[in-house]
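Asker: Chain by chain, the residues run as shown.
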Amino acid sequence: MEQTLDIGYLNLFLGYGLIIIPVILFQYFRTGLVKDSLIAILRMTVQLLIVGLYLELLFEYNNAWVNSLWWVVMVVIAAFTIISRAYLSRRYFLVPLIVSLTVSLAIVDAYFLGVIIRLDYFFDARYFIPISGILLGNCLRTNILGINAFYKKLQQEKIRYRYYLANGATYGEARRPFMKEALQTAFNPLIAGITVIGLISLPGMMTGQILGGSSPEVAIKYQIMLMLTIFVATLLSVVLTITLANYLIFDGFGNMKEQVLKKKQQ
Amino acid sequence: MNFHKISIDMIRVDDLTLKFDDQPLYEGFSLEADKGEKVTLAGESGTGKTTFIHMLLGFVIPQQGRVSIMGRPLDADNIAYIRANTAYIPQELHLPMGTAGDFFYMPFSFKENRHKKPDRHKTHKTLKDLGLSESILKKNLDEISGGQKQRLAIASAVLLDKALLILDEPTSSLDGKSIQKAADLIFPQKDLTVLSTSHNKWWIEQSDKTYNLDLHGTNA
Chain H
28 MEQTLDIGYL NLFLGYGLII IPVILFQYFR TGLVKDSLIA ILRMTVQLLI
78 VGLYLELLFE YNNAWVNSLW WVVMVVIAAF TIISRAYLSR RYFLVPLIVS
128 LTVSLAIVDA YFLGVIIRLD YFFDARYFIP ISGILLGNCL RTNILGINAF
178 YKKLQQEKIR YRYYLANGAT YGEARRPFMK EALQTAFNPL IAGITVIGLI
228 SLPGMMTGQI LGGSSPEVAI KYQIMLMLTI FVATLLSVVL TITLANYLIF
278 DGFGNMKEQV LKKKQQ
Chain C
4 MNFHKISIDM IRVDDLTLKF DDQPLYEGFS LEADKGEKVT LAGESGTGKT
54 TFIHMLLGFV IPQQGRVSIM GRPLDADNIA YIRANTAYIP QELHLPMGTA
104 GDFFYMPFSF KENRHKKPDR HKTHKTLKDL GLSESILKKN LDEISGGQKQ
154 RLAIASAVLL DKALLILDEP TSSLDGKSIQ KAADLIFPQK DLTVLSTSHN
204 KWWIEQSDKT YNLDLHGTNA
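Sequences listed follow chains H and C, in order.
So the first sequence is numbered by the numbering used here: it starts at 28 and just counts up by one.
So the second sequence is numbered by the numbering used here: it starts at 4 and just counts up by one.
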C-alpha cells in the first residue's frame, strides 16, 4: 500500500496561516466570533495531539485488553457528552446510556468486523478503534436529537399523553406516538445524509482511505458498510436508551418524574 | 365506613389535601359518587377543579387523604385497572392528526378498547344525537370548530362504554342547544357514573350532586 505523504511540522504551521482569513472576515463583520474560533482551534489542536499520542500507543501495543479499555472509555465519554449536551439528568440517563451504547456498539462491531470484514484479529486497533469511534460519534448526535425530542414532547404535550393513558392506553401505547415523533426528528437528517452521500460531499472515512492509499473501490465498500452500520447502531442505541431510561423516569402512575430535563432544556 | 359501602361507591374521597406549587388548593375535602350518579364540580377558575380530576386519574399525587375508585384504593397497583375502566376528556385537547375521524376513533386503537370500536350505525346515531353528521369524520381536524371537536370527543368517550366518565369543562365550547344534547345523551345512562367540571348553570342543575370547590367542598 502506498504511504500517504507526511505533513512536516513547518508546513503544518503554514497551514495555520489560513486562520487569518476567518479572523479578518469575522473581525470585519464584527461577529464577535474571533475569540471563540481561536479557542476552538486551540482546543482541537491539543485534543488531537493527545489522541494522536494515545493512538500511536494503541497501535504499537495492539493488545485486545488495552483496545477494549479504550473502547469502554469512548463509550463512557460519549454517554457523559450526550447528558451534558442534551441537558439531561445524570441520575436517570447515565446507566441507560452506557448500557445502550455498549450493547448497540458491541452488536454492530461484532457484525461489521467479525462477519463482514472477517478480521483474523478482532481487536485489531487499525479497524476496531476508528470504526467504533465513527459509530459512537453518530450515536452521540442521534441520541441527543432523539432523547431531547422524546422527553421534551412528552413534557410539552402532557395533556395528550394523559388523554391516552386515562382512556385505557398501556404505557407503551401512550408513549408510542412520542417515540414515533422522536425517531422522525432524530433520523430524518441521517436518512437525508445517506440519500445524498457522494453527490454533495465525499465522506470523511472514504477520503481518509483514499488518501491512505486504498483504491476508491475498496473505500466505497467500506463506506457503504459504514453507513449501514451507523444506521443500525444509532437506531438501536436511541430506542434502547429511551426504553431503559423509561424504567427510571416514570413513577408507578406513568408520570414523568421532575428534574428529568434540566431547567435550561425545558 | 363499611365494606359494603365501599363496593357501591364509584368514587370516594376522604379528607383530601392537595397543594399546587406549595399553595393548598383544598384541605380536608371529601367527595362521594355512587354508581350511576352524575356529579359536577363547580367553582371559579383556579379553584383546582382540573387538578382534582388529575388527582383522580393518578396524574397528581395528593399530600393527604384516602381516595378509592371503583372500590379500589387509588395507587400504583390499581391505576391501570381504574384507567382501563374510565373515559376522560381534558379541557383542551390537541392531537397532531389528520381528520376528525382519526380523532374520533383514536381511543379505539388501544388494545383495551379495540373490541368496542362502534359500527357505522352506532356511530351515526351517537353523532346525530349530538347534532353532528357522519360526514364530519372526513373533514380535516383544523376545518372543524372547537364546539364540533368537543362534541366529537364526547361521542367517542360515550361509545367507549366505560363505568366512569370524567369530563373537564365539557360545556366550555358548546352553545345552549349543544349542551342540552350532550346532557340528553349522557345523563339518562343509568349505569354510567359521570364526574364533570362546569360553569354552566343548566348543566349543574341537571346533575345529581354538585360540589363547590370555592367553598372547599360543600354541597351547593
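A hint or two may mislead.
[Stated by the list, open to error] Below are the DSS-like pairs computed for lysine-lysine, each with C-alpha atoms no more than 27 angstroms apart in a straight line: (1) C:K141 to H:K207; (2) C:K119 to H:K179; (3) H:K185 to C:K180; (4) C:K119 to C:K38; (5) C:K131 to H:K185; (6) H:K207 to C:K142; (7) C:K184 to C:K212; (8) C:K22 to H:K185; (9) H:K207 to C:K184; (10) H:K180 to C:K184; (11) H:K180 to C:K38; (12) C:K141 to H:K284; (13) C:K131 to C:K120; (14) C:K120 to H:K185; (15) H:K185 to C:K114; (16) C:K120 to H:K207; (17) C:K114 to H:K207.
Hints listed in this document are in silico derivations from the structure and should not be mistaken for laboratory results.
None of these values were measured; they are calculated from a predicted model.
Asker: All the hints need checking, so say for each whether the structure fits it.
Answerer: Going down the list of hints, with the structure as the test:
Between K141 (chain C) and K207 (chain H), the direct Cα distance comes to roughly 24 angstroms. Compliance with the 27 angstroms bound is thereby established for this hinted pair. With a C-alpha separation of about 33 angstroms, the suggested pair K119 (chain C) and K179 (chain H) falls outside the 27 angstroms cut-off, and the hint is violated. Simply put, K185 (chain H) and K180 (chain C) have alpha-carbon atoms about 32 angstroms apart, too far for the 27 angstroms limit, and the pair is violated. Restraint check for K119 (chain C) and K38 (chain C): the C-alpha separation of about 21 angstroms stays at or below 27 angstroms, so the hint holds.
Taken as a hint, the K131 (chain C) and K185 (chain H) pair is broken in the structure, with Cα atoms around 31 angstroms apart against an allowance of 27 angstroms. Between K207 (chain H) and K142 (chain C) the CA atoms are separated by roughly 24 angstroms; this keeps the pair inside 27 angstroms, and the hint holds. Between K184 (chain C) and K212 (chain C) the CA atoms are separated by roughly 20 angstroms; this keeps the pair inside 27 angstroms, and the hint holds. Between K22 (chain C) and K185 (chain H) the alpha-carbon distance is near 19 angstroms, which keeps this suggested pair within the 27 angstroms criterion.
Proposed proximity of K207 (chain H) and K184 (chain C) is contradicted: the alpha carbons are some 37 angstroms apart, above 27 angstroms. Distance hint between K180 (chain H) and K184 (chain C) is unfulfilled; the C-alpha atoms sit about 35 angstroms from each other, more than 27 angstroms. A C-alpha spacing of about 37 angstroms is found between K180 (chain H) and K38 (chain C), which places the hinted pair above 27 angstroms, so the restraint is violated. A hinted pair counts as satisfied when its Cα atoms are at most 27 angstroms apart, and K141 (chain C) with K284 (chain H) does not qualify at roughly 39 angstroms.
Proximity of K131 (chain C) to K120 (chain C) is assessed by CA-CA distance (about 17 angstroms); at most 27 angstroms being required, the pair is judged to hold. At most 27 angstroms may separate the alpha-carbon atoms for a hinted pair to count; K120 (chain C) and K185 (chain H) meet this at roughly 25 angstroms. Straight-line distance between C-alpha atoms of K185 (chain H) and K114 (chain C) comes to about 21 angstroms, which keeps the hinted pair within the 27 angstroms bound. Our distance criterion of 27 angstroms between C-alpha atoms is met by K120 (chain C) and K207 (chain H), whose separation comes to about 24 angstroms.
Pair hint K114 (chain C) plus K207 (chain H) holds up; C-alpha atoms about 18 angstroms apart against a cutoff of 27 angstroms.
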